[in-house]
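Could you build all of it, start to finish, from the sequences and the hints given here?
Residue numbers (the UniProt record's numbering): 1 to 142.
Hints in this document: simulated from the structure, not taken from any laboratory.
Incorrect hints may have been included.
As the list claims (entries may be wrong) - Taking lysine to any residue pairs in the SDA-like style, the calculated list, with each CA pair at most 20 Å apart, reads:
(1) K127 to R141
(2) K127 to T140
(3) K127 to A113
(4) K127 to V116
(5) K127 to V117
What the hints assert, rightly or not - Computed beta-carbon distance windows for the label pairs:
(6) D39 to T83: 56 to 64 Å
(7) T83 to A139: 16 to 24 Å
(8) T15 to S52: 16 to 24 Å
(9) M104 to D39: 39 to 47 Å
(10) L29 to M104: 45 to 53 Å
(11) S120 to N63: 28 to 36 Å
(12) V130 to R42: 38 to 46 Å
(13) L131 to G68: 14 to 22 Å
For each residue, glycine too, the CB sits at the ideal point set by N, CA and C.
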Amino acid sequence: MEDEDIAAFSTQALTIICFLEADGLRLCLSFDDRFCSRDLERTQLRHIETASAEDMQQIWGWNASVPGNVSTCFHDAITATATHLPDAPAVDGWDRRFTYAYLMHAANGADNALFVVFTSGSTGTPKGAVLTHSGFSSATRY
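This is how it looks when you write it as structure tokens:
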């Protein structure tokens with residue numbers, strides 16, 4: 001893959017793709033010159049500012065307090081919505097649409113885990129990260 005290939009498909013202001021090759025590491029860089037200057041090519045990543053001081057002040061203001069934990073299983077939130085809006089779309093994709101009533105009919109699974117994300121792990125041994133109902137409910141509430 002060459003820089004031109006990345007530029008043709010990238011929708012980001014800056015895209016960096018790393019390739020591990022037999023003789024080392026190859027980096028392909030693509031950037032939108034409306035947002036990034038040509039000098040960026042020679043700048044270390046740690047020196048690239050992605051947000052202004054004003055942006056950071058606003059972000060820290062939004063995150064000044066940590067919201068409380070929601071001790072609710074995510075499926076309970078789905079159940080509540082399904083009770084009030086059974087025919088409303090719960091999942092609406094290009095190829096299929098599921099109502100809340102359908103999800104309630106099809107739902108089953110573990111009491112504690114909402115889903116598991118698998119990674120190769122730093123050792124190359126696959127590992128699973130479990131996302132709990134409470135953790136997901138807390139994240140989606142706020």
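Okay, the hints, checked on the actual structure:
Taking the CA atoms of K127 and R141, the gap is near 28 Å; set against the 20 Å cutoff, the hint is violated. The hinted pair formed by K127 and T140 fails the criterion: a straight-line CA distance of about 25 Å is larger than 20 Å. For the suggested pair K127 and A113, the alpha carbons sit about 15 Å apart, so the restraint of at most 20 Å is met. For the given pair, K127 sits about 10 Å from V116 by alpha-carbon distance, which is consistent with the 20 Å threshold.
Distance restraint check for K127 and V117: the Cα-Cα separation of roughly 8 Å lies within the 20 Å cut-off, and the hinted pair is therefore satisfied. At about 58 Å, the beta-carbon gap between D39 and T83 stays in the expected band of 56 to 64 Å. For T83 and A139, the Cβ-Cβ distance of about 23 Å falls inside the hinted range of 16 to 24 Å, so the restraint holds. The hinted window of 16 to 24 Å between T15 and S52 holds, with their beta carbons roughly 21 Å apart.
Separated by about 56 Å at the C-beta atoms, M104 and D39 break the suggested range of 39 to 47 Å. The hinted range of 45 to 53 Å is satisfied by L29 and M104, whose Cβ atoms lie roughly 48 Å apart. Checking the proposed 28 to 36 Å range against S120 and N63 shows it holds: the Cβ atoms sit about 31 Å from each other. In this structure the supplied range 38 to 46 Å holds for V130 paired with R42, their Cβ-Cβ distance being about 43 Å.
Taken as a hint, the range 14 to 22 Å holds for the pair L131 and G68, whose Cβ atoms sit roughly 19 Å apart.
Of the numbered hints given earlier, the model fails hints 1, 2, 9; all others are met.
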